[in-house]
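Protein chains in written order, with the working numbering: chain A, 34 to 231; chain B, 14 to 699.
Just so you know, the hints here were simulated from the structure itself, not pulled from any lab data. Note that CB positions come from ideal geometry on N, CA and C, so glycine has one too. One or more of the hints may lead you astray.
[As the list claims (entries may be wrong)] With the Cβ distance kept under 10 Å, some of the chain B side facing chain A (calculated, not the full set):
#1 Gly275
#2 Leu578
#3 Tyr582
#4 Ala622
#5 Gly626
#6 Asp657
#7 Gly665
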Amino acid sequence: MLILPATNLLVQRALRRCWAFVLASAMLGGLGALPNAAGSDLVMTEPQVKALCLLNFAKYISWPAEAFATTNAPIRIAIAGDERIHQELERAAKNKVISGRPVLVLDYEDGRVPENCHMLFIGATQKSRTQEILKAVSEKPTITVGDADDFADRGGVIMFVKRENKVRFEVNLKAARAAQLQISSRLLALADAVRGKE
Amino acid sequence: MKRARLPVFLSAVCLLLCAAFSVASADGVADFSLEELINIEVTSVGKKETRLHRAPAAIAVLTDEDLRTLGANTIPEALRAVPGVHVARISGNRWAVSARGMNDEYSNKLLVLMDGRSVYSPMFGGVHWNTPDLVLEDLDRIEVIRGPGATLWGANSVNGVINIISKSARETQGGLVSSSFGTEEQPSVSARYGGTLSSNFFYRVYTKYYNREGFDGASGNSMSDDWSLARGGLRMDWEPGDQNRFTLLGEYYGGVFGEQIGKIAIYPAPAFRNIGIEADASGGNLLGRWISHFSDESELSLQVYYDRYQREHAVGGGTLVASPNEFAPGQNHVTETRDTWDVDLQHRWHGLARHEFVWGAGFRTTRDYVDAGGAEVSWNPARTSQNLFNAFVQDEISIVENAFSVTIGSKIEHNDYTGFEFQPGGRLLWTPTEQQTVWASLARAVRNPTRLERDGRINIGAVPPMAPTDPAVIVTATPNRHADSETVIAYELGYRIEPSASLSFDVAGFYNDYELLANRVGGFSFQPTPVPHVVQDYGPKNGISGYTYGAELLSRWQVSPAWRLTASYTWWRSHFEVSPYSDVTNPEHQFNVRSTVSFGRGWEMHAAAYYVGSLGAVPQNSPGPVRIPAYLRGDLGLSWKLSDNFEFSVWGQNLFDGGHPEFGGYKSARFAEIPRSVFGKVTVRF
Chain A
34 MLILPATNLL
44 VQRALRRCWA
54 FVLASAMLGG
64 LGALPNAAGS
74 DLVMTEPQVK
84 ALCLLNFAKY
94 ISWPAEAFAT
104 TNAPIRIAIA
114 GDERIHQELE
124 RAAKNKVISG
134 RPVLVLDYED
144 GRVPENCHML
154 FIGATQKSRT
164 QEILKAVSEK
174 PTITVGDADD
184 FADRGGVIMF
194 VKRENKVRFE
204 VNLKAARAAQ
214 LQISSRLLAL
224 ADAVRGKE
Chain B
14 MKRARLPVFL
24 SAVCLLLCAA
34 FSVASADGVA
44 DFSLEELINI
54 EVTSVGKKET
64 RLHRAPAAIA
74 VLTDEDLRTL
84 GANTIPEALR
94 AVPGVHVARI
104 SGNRWAVSAR
114 GMNDEYSNKL
124 LVLMDGRSVY
134 SPMFGGVHWN
144 TPDLVLEDLD
154 RIEVIRGPGA
164 TLWGANSVNG
174 VINIISKSAR
184 ETQGGLVSSS
194 FGTEEQPSVS
204 ARYGGTLSSN
214 FFYRVYTKYY
224 NREGFDGASG
234 NSMSDDWSLA
244 RGGLRMDWEP
254 GDQNRFTLLG
264 EYYGGVFGEQ
274 IGKIAIYPAP
284 AFRNIGIEAD
294 ASGGNLLGRW
304 ISHFSDESEL
314 SLQVYYDRYQ
324 REHAVGGGTL
334 VASPNEFAPG
344 QNHVTETRDT
354 WDVDLQHRWH
364 GLARHEFVWG
374 AGFRTTRDYV
384 DAGGAEVSWN
394 PARTSQNLFN
404 AFVQDEISIV
414 ENAFSVTIGS
424 KIEHNDYTGF
434 EFQPGGRLLW
444 TPTEQQTVWA
454 SLARAVRNPT
464 RLERDGRINI
474 GAVPPMAPTD
484 PAVIVTATPN
494 RHADSETVIA
504 YELGYRIEPS
514 ASLSFDVAGF
524 YNDYELLANR
534 VGGFSFQPTP
544 VPHVVQDYGP
554 KNGISGYTYG
564 AELLSRWQVS
574 PAWRLTASYT
584 WWRSHFEVSP
594 YSDVTNPEHQ
604 FNVRSTVSFG
614 RGWEMHAAAY
624 YVGSLGAVPQ
634 NSPGPVRIPA
644 YLRGDLGLSW
654 KLSDNFEFSV
664 WGQNLFDGGH
674 PEFGGYKSAR
684 FAEIPRSVFG
694 KVTVRF
């Protein structure tokens, strides 16, 4: 039988209690972190960040005048295929005003591309229908955003890419021009990559 | 042990209390500019892919974020956080890792793949965990599937499959240098550079070196388990159009692993030594993969790889008459040289409504040469070439669109040892609501015999004569030319629920019915020369049957945007006809809880506590069952992200005690004490 040597048991126990206390306080550190929740370097969920990015993109895009019925017609954003981003966007867009317009988040019904939406996000569960959806909005001034890794290749305008745990994006200018949309150079400067620059 | 439980229990209660408070607090989303948004770290709870949530299997994924918050420097250490997996560190550079039981230094019921390449060794039947490695910041995820993955992955995935997947070259652009230094890491350095050759051609090249200090045994004597390894490699991803994607991975490595073996010789006078061996290992591999989306309904993938390595294995044991160099390191290792070629084709087709077919075929050939030198082992034949053919087909039938589906399939293999093996399986998947998934599975899987069982003869020990007139006894593990495959029929049931975007629960239960488990049974024979002695030989016989059952729970909770908790619990019981076959090699209970808190300005604190129940691990040359007590482990880490380019972290691991054993290895009767360790890490990106 193996006999483990007797070390200084009292010291061992004391040390263990000490570390257990330190560990417990580290886990409870959540308490200390809560008040800091707003406005500092956070850890957020991916759908939260993407939803907020969509709102921000709208700030840097100019739609042709005909895209809006009146001067304060809302910016219509449709989310296809990502329930979480839909929920986060609804929450974030409440009472928001972008370039003088309110934001309206549309429900997307399976199989029907919403009419006259200014921004359309195509998510994971609709991935296999990407080509079909892009074709349906190709004649419209709709900014298409997606996170499939071949989204830009397929003609999407903005593609989310995750790098080192952060949400980044790439812009396909050719697709933007085809949709008659003007994208501010400030947005292009923040993109990780821009294709179709002349 | 009992003393440490109270503070931990109290902290658990406090955790729950303040969690209750924080849930009530608003999670109103503040205004962020785009510049800020693209710099925010995203957590993995929200990232959980639909695919995983709907998988009809007990699957857990360790993301790159998980690895960073675990402070794991090696892959096996990261696996401690996965429910159903038992990770026991044998020494500084050896681990026993298993899923759902039967843990062993050579755990032969677990298949491990690195970017599609198998790292399971057919020689001893297990994984040398000190070798497969990569720049950990370039690791995308580790998928752990408990239960037979046989239908898609093949033989030896009896209890599970571990899939280690690296990021594509597109995701690892730019430069990265990372270095750690501490009680174990002395030091460890990784460097990687990723670039593009055109808008659709991405590459990265990397190198990694580490020099790690080994551990001591209970008596304070070194276990001679220092290790160091250098490796270099590259990855290229090319996407010429929307339809095709090509990937190439290659690496080369060389290292030295210290190991201590026990050796005994009887004549001229009984002598026992602990010998420190420095075992070399080097090798390289190249893998190419082509994935083609022919259409929205059809996807083909073709993979080819070549793997070559040369590895020394330390072998101790016992001998009757000591030769002049009996205890010299050179006399006590075996060199294995192996070349493996593998081709694998898979096609996914959903052209038929309600059906998704996956079928495939593959071929692997592996050639080895074993040079036994003067060690107490012989292989007959010393050179072999083994061919493995496999084909599989699987159909996922959607009975009710997005709500209920049935998957049936089977893999057929042919190997040189046991001929045809048939591994069918069926799964049910029911999604009553968006947030819930219920699944069930029934499958058969096999574990092919290893080269050791079929061809290897090892003198594992010797017992000196009790009295001068008694014979000495040499204990030998002998081969069995007819060693057969072990089989399991696995019944599984699981339930997953995500009550909100920030909370998820995943529970899985299983019952595994094993047949033809290999056990070594012995016989005695008397040998007159060179000195009269008795040989007690143990040959593998596939004669054991039995069953194991258990359950696993995994829960993730994003308590607030700044605080995430993860907890997992594993329960395992076994019942075998013949005891003590491996039924004491896994603990009955395992539990862990992890917390990551973000304080703002880039500061984060990570804490983890692990409880692993007691077990009696039976190394081959120990005189009897040895009980390894339960242990409680605590880790604490502090990380600081100064900017996008600089990150620092400090970690203390195994803080609760000065050293505890976790498992016994085959070659030495001594147990390494896993000590407290500390390290600091710097990561620079440019």
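Of all the hints given earlier, name the ones this structure violates by number, lowest first.
-> Violated hints (numbers, rising): 1, 3, 5; every other hint is consistent with the structure.
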